[in-house]
Amino acid sequence: MSEPRTHEPDPQVIAAPERREGPLYGVIAEYDTPGELIEAARKVRDAGYTEFDCYSPFPVHGIDDAMGIKRTILPVLIFGGGCLGALGGLLLQWWCNAYNWPWNISGKPAWSIPANIPIAFECTILLAVFASFFGMWILNRLPQVWHPFFRNERFNHVTDDAFMLGIEKSDRRFDSVATPQLLKDAGAISVEPVHYDPDPGVRMMPKWITAFIVASTAFALIPFAIAAKARTSHSSEPHVHIFPDMDFQPKYKSDQAMDLFADGRENRGQITGTIARGSLNADDLFYRGLDNGQWATGFPRQLELNEQMMKRGKNRFEIYCTPCHGYDGRGNGAVPQRVAATGGAWVARNLVDASNPVAINMPNGQLFNTISNGYNTMMGYAAQIPHADRWAIVLYVRALQRSQNAALEDIPPDHRSGIQMPEAPNQ
Amino acid sequence: MSALQKSLHPDEKYKAGKLGGSLWKIGLAIAAVFMALSLLFGWREGDHWKRFLYAYVVGWSFIFSICVGVFWLILLHHLVRGRWATAVRRIAEAMTMAFPIVFISGLAFVLPVAFGYQDLYYWAHPDAALCLEKVGTTCHEYLHPSLVHKLGWLSGGFFLVRYIGYAVLYTGMAAYFARKSRQQDESGDPQLSEHMRIASGPAMIVYSLITCFAAFDILMSMAPQWYSTIYGVNFWGSACVGGFSALALMVLGIQRTGRLTHSVNPEHYHDIGKWMFAFTFFWAYTAFSQFMLQWYGNMPEETVWYKYRLFGEWQWVSIAMLVGFWAFPFVFLMSRWTKRIVPSLVFFAVWQLVFHWLDLYWNVMPSYDWLPSFHDKAKIITGPLTGNIALHHVGFSPVDITVWIALIGVLLAGFGRNLTGNLIPVKDPTLGLSLAHENL
Chain V
1043 MSEPRTHEPD
1053 PQVIAAPERR
1063 EGPLYGVIAE
1073 YDTPGELIEA
1083 ARKVRDAGYT
1093 EFDCYSPFPV
1103 HGIDDAMGIK
1113 RTILPVLIFG
1123 GGCLGALGGL
1133 LLQWWCNAYN
1143 WPWNISGKPA
1153 WSIPANIPIA
1163 FECTILLAVF
1173 ASFFGMWILN
1183 RLPQVWHPFF
1193 RNERFNHVTD
1203 DAFMLGIEKS
1213 DRRFDSVATP
1223 QLLKDAGAIS
1233 VEPVHYDPDP
1243 GVRMMPKWIT
1253 AFIVASTAFA
1263 LIPFAIAAKA
1273 RTSHSSEPHV
1283 HIFPDMDFQP
1293 KYKSDQAMDL
1303 FADGRENRGQ
1313 ITGTIARGSL
1323 NADDLFYRGL
1333 DNGQWATGFP
1343 RQLELNEQMM
1353 KRGKNRFEIY
1363 CTPCHGYDGR
1373 GNGAVPQRVA
1383 ATGGAWVARN
1393 LVDASNPVAI
1403 NMPNGQLFNT
1413 ISNGYNTMMG
1423 YAAQIPHADR
1433 WAIVLYVRAL
1443 QRSQNAALED
1453 IPPDHRSGIQ
1463 MPEAPNQ
Chain L
965 MSALQKSLHP
975 DEKYKAGKLG
985 GSLWKIGLAI
995 AAVFMALSLL
1005 FGWREGDHWK
1015 RFLYAYVVGW
1025 SFIFSICVGV
1035 FWLILLHHLV
1045 RGRWATAVRR
1055 IAEAMTMAFP
1065 IVFISGLAFV
1075 LPVAFGYQDL
1085 YYWAHPDAAL
1095 CLEKVGTTCH
1105 EYLHPSLVHK
1115 LGWLSGGFFL
1125 VRYIGYAVLY
1135 TGMAAYFARK
1145 SRQQDESGDP
1155 QLSEHMRIAS
1165 GPAMIVYSLI
1175 TCFAAFDILM
1185 SMAPQWYSTI
1195 YGVNFWGSAC
1205 VGGFSALALM
1215 VLGIQRTGRL
1225 THSVNPEHYH
1235 DIGKWMFAFT
1245 FFWAYTAFSQ
1255 FMLQWYGNMP
1265 EETVWYKYRL
1275 FGEWQWVSIA
1285 MLVGFWAFPF
1295 VFLMSRWTKR
1305 IVPSLVFFAV
1315 WQLVFHWLDL
1325 YWNVMPSYDW
1335 LPSFHDKAKI
1345 ITGPLTGNIA
1355 LHHVGFSPVD
1365 ITVWIALIGV
1375 LLAGFGRNLT
1385 GNLIPVKDPT
1395 LGLSLAHENL
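From first to last, the protein sequence lines are chains V and L. If you count by the numbering used here, then the first sequence holds residues 1043 to 1469, one letter each, in order. If you count by the numbering used here, then the second sequence holds residues 965 to 1404, one letter each, in order.
No wet-lab data here; the hints were simulated from the structure. Quantities reported herein were computed from a predicted structural model and do not represent experimental measurements. There's no promise every hint is true.
Stated by the list, open to error - Straight-line Cα separation of at most 30 Å, DSS-like style, residue types lysine-lysine; simulated pairs: (1) LYS982/L / LYS1144/L; (2) LYS1271/L / LYS1353/V; (3) LYS970/L / LYS1112/V; (4) LYS970/L / LYS1226/V; (5) LYS1085/V / LYS970/L; (6) LYS1226/V / LYS1211/V; (7) LYS979/L / LYS989/L; (8) LYS979/L / LYS1271/L; (9) LYS1226/V / LYS1085/V; (10) LYS1114/L / LYS1271/L; (11) LYS982/L / LYS1391/L; (12) LYS977/L / LYS1112/V; (13) LYS970/L / LYS1144/L; (14) LYS977/L / LYS1144/L; (15) LYS1114/L / LYS1353/V; (16) LYS1271/L / LYS1150/V; (17) LYS1391/L / LYS1114/L; (18) LYS1356/V / LYS979/L; (19) LYS1356/V / LYS1271/L; (20) LYS1226/V / LYS1112/V.
Kindly produce the complete structure, drawing on both the sequences and the hints.
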C-alpha cells in the first residue's frame, strides 16, 4: 500500500468558508485504504451515528458489517419476483393454449406441464432479474443524479482511488467540532465540510427536464391510442400504406391477368409440340398401368418383385394410405374413426373385403391408376408418390388382400402350430 | 474481519499427523466388512453375480463421481485464479488423489466385462453380437438396429482400454496439481501457482471430455441402444453436487479433530454451499433438458429409456428424485443462512449425497430387468425395446446398500492415504486472501 497522502493540518476544518456557501450538509473524510475505511466505519457506527455512508471505487468486503447495515430485503423481492414469473408464465400458457384458444396439434394435449416448463423457467428468470435490478434501484433510491457531496473536489475520486466516509448533518449526534474530530481520530487523511450550493435553484431539477419527460411520455402514448381507436371504430378510408413499394410490387404472380400476351394470361403454357426433358413417359404400363389400352394385370417388367420392394410398399402404404384405409386395409383408419366419433360419415374403401371385392377384383393397372388419379372422393396421389413407389404399394395391397383372407393351408406346415383361425372373418 | 489479507493463526494445527493413517485404516475396515457382506448377499442372489455387479457399478460411479466433482473445483480454482478455496484446496487435492484406488476398485466390474462376462452390459451379451452378423427377424426382438453400429465401440476389450485411459488421465492430472502444490509448501515459489494456472486450461478440456466419455461408457451404455448427448454433462452436474457435498463433510470432519479450526470458517462453508446449490439446479436443468427433448421428439428409441423410469414402480423413484434431489434442496439451499449455519449445510450435504447415489441407481438399475438372465423364473426374454413395464421392478436388494458402503470405505481409505503433511497450502500466495475471505 502507498504511503498516506500528506495533508496540510487544518485545526479549524469547519472554519468560515472563504467563498459564499449554502447551509452545511455534512462532513466528508478520506481514508487511505479500504481497511482503514472499514475501521473508521466501525468507529463511527460505535459512536452512535446512523446518517452516514461509505464511498469506494469497488465493493469492500465486510463494510456492511462494519457500518451496521441491516441485510437487504432484496433476496426476498427476487424470490417473490421469481415465484410471480413462474406462476405468470404458467398462467399465460394455460390461458392461451388451454382456455382461450385451444388448438389441436397432432392430437397433443392442449395443456401439458413438461411443454410449459421452458417458458415458465424463462419467465421466472425474467421477473427475478427485474425484481433484482429495479428492486436494487428502488431500495437505493436510484437514479440519483445529484448529491451535495459532489461539490467536494476530492469526492470525484471515489470512482477511482479514494475511500471516503461522509456523515450528514441531519444525524442527531452531528456536532460541528466533535464529528470531524472523530473522523480524524479514526485515521482520516483529510476531513472537509460540505455545504449546499448557496443558490437553492441548483438543487432543483431543471424545469425543461421535467417538461421533456412529461412531453415524451405523452407522445409515446399516441401510437397506442391510435391502435386502440382503430380496434373499436370503423372507417371508410383506405389503409394507410407506410411502405407502398413493398405493398405494391412491380411484378406478376401466378395466374394473374396480363395485357402483354394475346391470351391475356401471365402464365405461359407449354409450347405446343414440345415436351420437357425426362417427361416423355412413353411406357404406358409403367406410367399409366395400361397394357394395350386395357388395365394391366401384371407388373411392369423393369420392376423386380422382391422383399425389398414389398417393404418399400408397406412403408409407403403406412405413410399415405393408412390414415383412411387403416393398417390392415379394412378402411378403419384414424380419419374415418375420428369423423365417426364427431358424428360425421367418411367412408374409406375396405381394400381386403372378400364379400364386396371391388378392390380385390381391380387389375393391378387399375389399382395403380386409382393411386395416381383417385377414385370417387379419394384424391390422386400422383404428386406425392413416384411411379415406382405406387407400384410397390400395389404389390403390398395385393399382399394385404392375400394375408387378410388367408386360410390355414396358406401357412407353411412347420409354422401352423399355435395359430388359431377365427370362427368367422371380421366384417 | 476487516483485513483483506490474513496470516495463518499461530495456534493453528495444520499438520495431518496420524489423521491420514487412521482414515486409511477405518476406510479399509469398512470396505472389508461390507464387501464381505456384499459378497455374501451377492452370492445368495444366485444370479452369477449379476445383481452384485449392477450394485457395484452404482457404488463405484458414486465414489468416482465424488473425485470427479472435487477435481473440478481444483481445476476451476487455478483456471480463474480463485482465492476463497485456497484454505480447503489441500483437502480437495488429497480427495482427488484417491483416483488410483478408485480406478483399481473399478476393475472389479471392468475386468469381468473385458473377459467375457455377459450379464452386466447388454452390448456384451451374445444377442448383441448375433446382430452384428445378421440383422434378421430374431434380432429385432431384442435389439434396435441402431445398436449394431455401436458394437465396435462397445466391446469388452476396447472398454477396458478406454477405462485404463481414463484412469491414467484422471490420476495423472490430479497428481500433477497435488504434487506442484506440495512443492510450493517447500519452496514457496509463486511461479508454481503460475504453472498450475497454465496447466489448468488444457486440463479442463481433457477433464471435460473424459468425464463425458466415462459417463457414456460406464452408465449410458447400460441401455446401449439409447442415447443422449447431454448425458455426460448431466452426470457431471450430479457428480459436482456429490463432490462439493463430500468436500463439506470432509472439511468438517477434519475440523472436528481440532485441526484447521481457525482457517476454515462459515465463509468457506458458504461458498461450498453455493456450489452445492448451483449444481443442484444445474443437474435439474440438464436432466430436464434431456427429458423434455426426448419427450417432445417422441421417438421410440429415445423415449424407451423414460418409459421404464416414468411408469410402473420406477415412477416413484423418479418423483422422489424430482422432489428430493431438486425441489427440496433448491428451495432451502437458496437462503444464505442454510449455507452458513454449518449443521444445516451438513444436513444438506448428507441429503444430497444420498440422492446423488439414488440418481446413479435410477440411471443404472432399470436396465437390470432388460436382460434375460440365468435365474430368470419368469423367462423375461425382453430386449431394450420390447420389455413390458409391468415386469420392471425397483427390486431393492441389500447388496445395493452394502456395496455402496463398502466402496465409500474404499474412498475414505483413498482420502486417508494422501492426507499427510500440511492440510493447508501454507506458502500459497493466495492463502492470506482465502483466510480473510468474506462473502458480501
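Hints, verified against the model:
With a CA separation close to 23 Å, the supplied pair LYS982/L and LYS1144/L stays within the 30 Å bound. Between LYS1271/L and LYS1353/V the CA atoms are separated by roughly 28 Å; this keeps the pair inside 30 Å, and the hint holds. Distance check on the hinted pair: LYS970/L and LYS1112/V sit about 26 Å apart at the alpha-carbon level, within 30 Å; holds. Among the hinted pairs, LYS970/L with LYS1226/V is consistent with the structure: their alpha-carbon atoms are about 26 Å apart, no more than 30 Å.
Annotation: proposed proximity of LYS1085/V to LYS970/L holds, straight-line Cα distance about 21 Å (limit 30 Å). With a C-alpha separation of about 17 Å, the suggested pairing of LYS1226/V with LYS1211/V holds against the 30 Å cut-off. Restraint check for LYS979/L and LYS989/L: satisfied, since their Cα atoms lie roughly 19 Å apart, inside the 30 Å limit. Note on LYS979/L and LYS1271/L: the hinted pairing is violated, with a Cα-Cα distance of about 53 Å set against a maximum of 30 Å.
At roughly 11 Å between alpha-carbon atoms, LYS1226/V and LYS1085/V fall within 30 Å of each other, so this suggested pair holds. As the CA atoms of LYS1114/L and LYS1271/L are separated by approximately 22 Å, the hinted pair is consistent with the 30 Å bound. In summary, the hint linking LYS982/L to LYS1391/L is supported, as the alpha carbons are separated by about 22 Å, within the 30 Å threshold. Restraint check for LYS977/L and LYS1112/V: not satisfied, since their Cα atoms lie roughly 35 Å apart, outside the 30 Å limit.
For a cut-off of 30 Å, the pair hint linking LYS970/L to LYS1144/L stands: about 23 Å separates their Cα positions. Distance hint between LYS977/L and LYS1144/L is fulfilled; the C-alpha atoms sit about 22 Å from each other, no more than 30 Å. Annotation: proposed proximity of LYS1114/L to LYS1353/V holds, straight-line Cα distance about 25 Å (limit 30 Å). At most 30 Å may separate the alpha-carbon atoms for a hinted pair to count; LYS1271/L and LYS1150/V meet this at roughly 18 Å.
Straight-line distance between C-alpha atoms of LYS1391/L and LYS1114/L comes to about 50 Å, which puts the hinted pair past the 30 Å bound. Of the supplied pair hints, the one linking LYS1356/V and LYS979/L is violated, its CA atoms being roughly 76 Å apart against a limit of 30 Å. Taking the CA atoms of LYS1356/V and LYS1271/L, the gap is near 27 Å; set against the 30 Å cutoff, the hint holds. Between LYS1226/V and LYS1112/V, the direct Cα distance comes to roughly 26 Å. Compliance with the 30 Å bound is thereby established for this hinted pair.
Consistency note: the structure conflicts with the earlier hints numbered 8, 12, 17 and 18.
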